[in-house]
Amino acid sequence: MCHILPDSNEARRLGMVMLEMSNTRSDTVETATARPTPLRRLPAPRRLWAPCGGQPKAVGTGVRRGEPLAIDVVGFPAPVDGTIVGTEHRTVLGGPQTVTVALDAQPHESAEVSAPTSAESVRQTLARLPADRAAGVERLQAAGVSADRWTSPDLLGQLRQMLQRPIDAVVCSALDLDPVLPLQRTLATAYAMDVAAGVGALVRLSGASQGLIAVAEDTPAAGVAALRSASAAASVRLFPLPDEYPRAHPSLLVRQTLRRRLPPDQSPTEAGVVLLDAAAALAIGRCFLFDEPMISVPLGVYDGRHGRAHLLQVPVGTSLADVLPAADVAGGASELRAGHFLRELPVPADAIVAASEVTIFAAEPEHSPEPAACLRCGFCVDACPARIHPAGLLEACQQQDPELADHFGIRSCIDCGICSYVCPSRLPLLSSIRLLRRNEDPPTLLA
Amino acid sequence: MTQAASMRPVLAAPVSRRGVGVSGFYLAHFLAALLPLTAGLLLYGWRGAAVVAAVAGSAAAAVAAWWHIGPRGRTLHWSQCMWLALLLGLMLPAHLAARPAAGAVPAWPLLAAAGLLLVILLWLFGGLGAGRVHPVVITYLVLVICFGSLLVPRRVLNIDHMLSGDVLKSAATDTRTISESWIGRRHTAADAEYQEPAAERLTRYTSGREVPPRRWLPLYGLLRDNMPPLEDFVVAGQPGPIGASSVIAVIIGGLFLLYRGVIDYRIPLLTCLAAYAALLVLPVPVVITDAPQWRWAAFRLPDINWSVDVTFVNYEITASPLIFTAFFLATAPAIRPMTRRGRTIYALALGAVAAVMQLYVSVSYGPYLGLLIVSLLTPMLDRLFRVKPAV
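If you read the sequences in order, they're chains L and E. The opening position of the first sequence corresponds to residue 22 in the working numbering, with each subsequent residue numbered one higher. The opening position of the second sequence corresponds to residue 2 in the working numbering, with each subsequent residue numbered one higher.
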């Protein structure tokens, strides 16, 4: 089976084919056969660096797949069978540095196989969910289910807050940041039952009155049909939206689906919403359906050099240095950015894959032109999806004036990078906003 | 093109501006100005081209010199300076490119001085994106103050000498038949014809300075007997500035700017609508006798009515450089507000003030005065209308 997707259309086509196959089976009785996957499953490399949230086990300890790596906190399961050989600080994809456990994987690791999901099994699973909401959250935490990325902010934090404050909606985004890399769409359509089960489980656990799955309007009809039947089984509904950047951002998504205001610096639970993406919903669904720990994550790699999208399933803790050759991307010669290319989040080639960003854009390094003075053209203001004033924020950054920054709407910046993208003067607008937020020295723009 | 640039994302906001740098931004303006420039060259021949070239040439020389003067020199941007020089050239009449008659003061140094003054003003304001008044408008108004009568265009090429004729080769007096349009009328053997510009006639009437031959001139009499066909303004045929003589060419050029997404449609649209409304209701002399009889909202009078007043407003709009100002000058990034609401207020104010200036000061440069005044409000509008975040 070919898993390398030469372009997004091909990805959609293959995703749709896989979906049709799984639809056929979903109406039948569960069988023990493995489901075909539209994601290419990468074998575990010889060494992984799995995140460890607390005190790791001693060096030399052998661990089994799914067994906790830390001795003082739950969660953080070992992604493979192996031996702990040390601890290191490693950068996670699009995130900060974190403590990881270096793990030497045992050879001949077999890939996990999950059975296809039927609507009936989704209904039964949801009916069997624990009445104790805290127990449900603990179960997810123990299985290492987490996500902390642009389209799915701090999932564990949301789950904990969910126990303390009223939640009336669960929103799952199956929108992709860029249609050239249709990872979320592929996951949502190929694993519709699992994703819907994840959303449905969160609706039950949170006591929310509604569950929504935001899907791209141009999703193939077969995919929509699968999602529709899955959402009916999980008692959630579909919400079609245009698949355009940056609609998948939580603030914009909450505004579009629920007509609520969610400042970007707040957790979705502040607006009474639990928000996650299809990859996170899939992990939750699998946890409740099959008791599967989250030991691998989906990963989309867009190779700008050849215009190809690669959709992969990668063990947690795999270094990009091991992922990129497998995706035929020359890591050293390419500029890697996590999330979306416009977000300007550079990724070191040795970053590890974890619960953070699940998409990477690789392209030839872009020559940064010398910025000119601000034209006051207003392109950035017109293009900003949050309707703030990026040029004014640059001025505030240069003057180091927090009040001016507040006046120009820094709190509402969603960090999408469209302002820098459209600026004719090539001003570092996004970097300035990030500097303002970190309260660092402003950049020198003109010599 | 790099691979990064080829990754054109599908954006929620309608953004089609990636790849437009500062030079590209002004290149779009140059392309938009091609049509008014071409119309000007057809109407005024090589002298029109010489005026534009002289202003642009002197501006280029001035930029080359001023580039080295102080840190501000580095703020000058070639494409911006050349664009502004072109604009200034389009605002001037073609007869300035003339050899001096014996004993007369030559006009061509004025063109060189205009380009130089423009660059000095840009340098003083701080170059790209700086300054809250339009340097082209300031330069033009300085020229008006210093050489007012010299800037009044009175000649236009005959249609059979378009482009190739010499605009100064004309009869010394007004020889045209007023009822015929420039395109349809029979012309003399001379290359060009001499006309008193309608803008001057309108200015004299609306400011009450008109002295009619029979000591009595009503508004409808002015429009019926003393004005050329409206077609001469809309298409071509009236003497005027090189770039603003054909309203249709200016509008098409402006629409190109809108199409390329480099200007905000609100500014030209609301400016023209506000000016139209203001010209309809502002007091105008309905009859000039020994003392002009001024009336607010003249369309309400039985002997004026809607048709006369609308015709009057049409003449005012097309005979003045209002549309040129609305598309090419008022949309300049440095002088218009950044927020949408700010731009709306700015455009409405510009239309109203331009109408006042046009009626009571001068049809020829009233819109420029209006722009100068309203652009001073821009910093206040930017402060007043703060952004309203969506999230």
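Please keep in mind that the hints were generated in silico from the structure rather than gathered at the bench. Source: prediction; values computed, not measured. Quick reminder that beta carbons are idealized off the backbone N, C-alpha and C, glycines included. Possibly wrong hints are sitting among the right ones.
To be verified - Partial pick of chain E residues on the chain L-facing surface, computed with a CB cut under 10 Å:
1) GLY22
2) SER24
3) VAL134
4) PRO293
5) GLN294
6) ARG296
7) MET339
For each hint, the structure was consulted:
no., hint, verdict
1, GLY22, "holds (5 Å)"
2, SER24, "holds (9 Å)"
3, VAL134, "violated (13 Å)"
4, PRO293, "violated (43 Å)"
5, GLN294, "violated (46 Å)"
6, ARG296, "violated (41 Å)"
7, MET339, "holds (5 Å)"
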